[in-house]
Every structure is written in C-alpha cells, then in structure tokens.
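Chemist: For the sequence shown, the positions run 1 to 316 when the UniProt record's numbering is used.
By construction, these hints were calculated from the structure, which means they are not laboratory data.
You may find that some hints are simply not true.
[What the hints assert, rightly or not] Straight-line alpha carbon distances no greater than 20 angstroms define the calculated SDA-like cross-link-like pairs of lysine to any residue that follow:
#1 K205 with E172
#2 K203 with W193
#3 K203 with L175
#4 K287 with K203
#5 K134 with R122
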Amino acid sequence: MAGIPQVSLSSCEKPMPVIGLGTSSYPPADIETTKTAILEAIKAGYRHFDTAFAYGSEKHLGEAIAEALRLGLIKSRDELFITTKLWCSFAQRDQIVPACKMSLENLKLDYVDLYLIHCPVRLSEMIQKTPVVKEIIHPLDVKGVWEGMEECKNLGLTKAIGVSNFSCKMLEEVLSVAKIPPAINQVEMNPVWQQKHLREFCKTKGIHITAYSPLGANNTKWGDNRIIENDVLADIAKAREKTTAQVALRWVYEQGVSLVTKSYNKERMKENLQIFDWSLTGEELDKITKLPQRKGVTLASILGPHDLVLQLDAEV
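Turn these sequences into a full structure, and let the hints guide you.
Modeler: Now the structure itself:
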C-alpha cells in the first residue's frame, strides 16, 4: 500500500494527512466500539482523526490515543493529527476558549491540530436533540467568534483554525475580519455533490477543503446509498478491479481535496486507504463530472426549516 500523502495548511507548521477517520456515528457508538475501531485504524495506518463536541466522541478518541501510546502503536501524540469542532451553543466570543479547553479535557490532550467552527450559526441554548425551535437560532457574530478562534491558536490550544459548512459568502465575512485566515473549510463533497464553485473560491483564497460524507454517509439519518450504488461509479470500479467506494474516494482526492471517511469495519478501513497508488483516466473523470448533482446534508435537515437556516442553505 502506498503511504498516505500529507498537505500543508496555511498558518500551521504541521502537515495534515489527506485522509482521516471520522468518529461521528448514528446512532452513537459506545466507547468500546469506538476505541477498538480507532486502535484498528492506527494499526492500518491512519494518523488523522476527526471528532467534535457535538459527536460525543471526544472522550472515546482521547481514551483510544492513551491506549495507543500505552500499547506502543504510536511513540508520541505528535504522530497524530487531531481535529475537533466548536459547537453552535458555544459560538460567542467569551465562550470559545473555554469550549476549546473543555474539548481538550475530553480528549486528554494539551492541544489539537485543528479547531473548526462546526456550523455558521449560534444556538442560544444547549440542545439534546434536533430539530430545534427557531427562537434559539441566531446569526453568527463572525468577528467575535473568529477573534475567539484566533485566541485559541495564539494560546497554543490548537495548531490551526478553520470552519465547517461555510459558503463563499460566509468565508468572505471571515476573511474580512481575520488576522489569521481559516486554514480549512470542511464541507460535504463527493461525486454527486462536487462543490466546484466553492472549491475554486477556496483555492483562490488559500483555504484547503476537507470533504466529509465522501461516500454519501450511507446508513445515517442524513445520508443514503447514492454513492455506493451509483451505476457510473460501479462500472468504473468493476473495470478497474476496485470498489465503488475506492473510486469515489480517489475522485475526491484527485480534486486536490482531503477527506474524512467513516467506517468502523476493519476491512473497509484498509480498503479506504488503498487509493493512492493508481489514478482515474481522463475518460473516467469526465463521466464522473457529468453525474447529476444533489446536496445531501442541509442545515435545515438538522436544525429545522427556519428562515435563517434556509437562507444559509441557499448560499453557495
């Protein structure tokens, strides 16, 4: 198997492996299942792990890292690239550093490598379930929140800062106030939601894109089988003696994008890493480019179809 390439991020001295393992599960996995999967991933070669306060998996990942060190699977925490995210309920200037510290406590780490604003809204209450009532959804104070994110970096709590689920318009707002520009925008991206306009915009601004749901988030309440059972991808996979998932992941990688995959299946974890020693042909890329496009994850499907949320979903 070819080694996992790395990408350099703006304002971050540490390179990021271009493929990471996501730890968001629906329904949420128990701590032993998650720990076991993360340890298997480390054995398979993964060094980039993606979590979030909202996933409830920070403590699971922290325990897995401690166990990996104890077992000698890694020599140092510094071998890993860890991403976590600021949840909407803490998206106020004075809450951001405490929220980051709370995530570090959950992870039992002194720092994370990447800290992202999870969504471009603020919730004025903690929530236990979604959708939420419209009264608690508020526009993001971009200037105040980004100042808080920059403070996290300046304090050494995180090596890099970025955003998730941000449109070009929201990114323009961040860039207009940022002393430290966002290193990353983590968004849904896959062969049937190719994000061409957003990718081109981010490239001009030096913002790297990480794709979540690169396989369509099959078997989750927000995803479906539109990637895994896509006939065009399946035909390419058959001709190349690859899996459909490998073709989809390779396509994402060839767009200059990093990706976060989510599988706790040991064999699929390994298969998802086997995308770096071959490439798609021009004809295959052309076929994928022509696939009908449909967004899978919307803020409205999570928070509810409220005016502000629908407005954000409509932005490109």
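Chemist: Next step is simple, just say for each hint if it's right about the structure.
Modeler: Outcome of the hint check:
no., hint, result
1, K205 with E172, "holds (9 angstroms)"
2, K203 with W193, "holds (18 angstroms)"
3, K203 with L175, "holds (14 angstroms)"
4, K287 with K203, "violated (24 angstroms)"
5, K134 with R122, "holds (11 angstroms)"
Consistency with the previously given hints fails for number 4 only.
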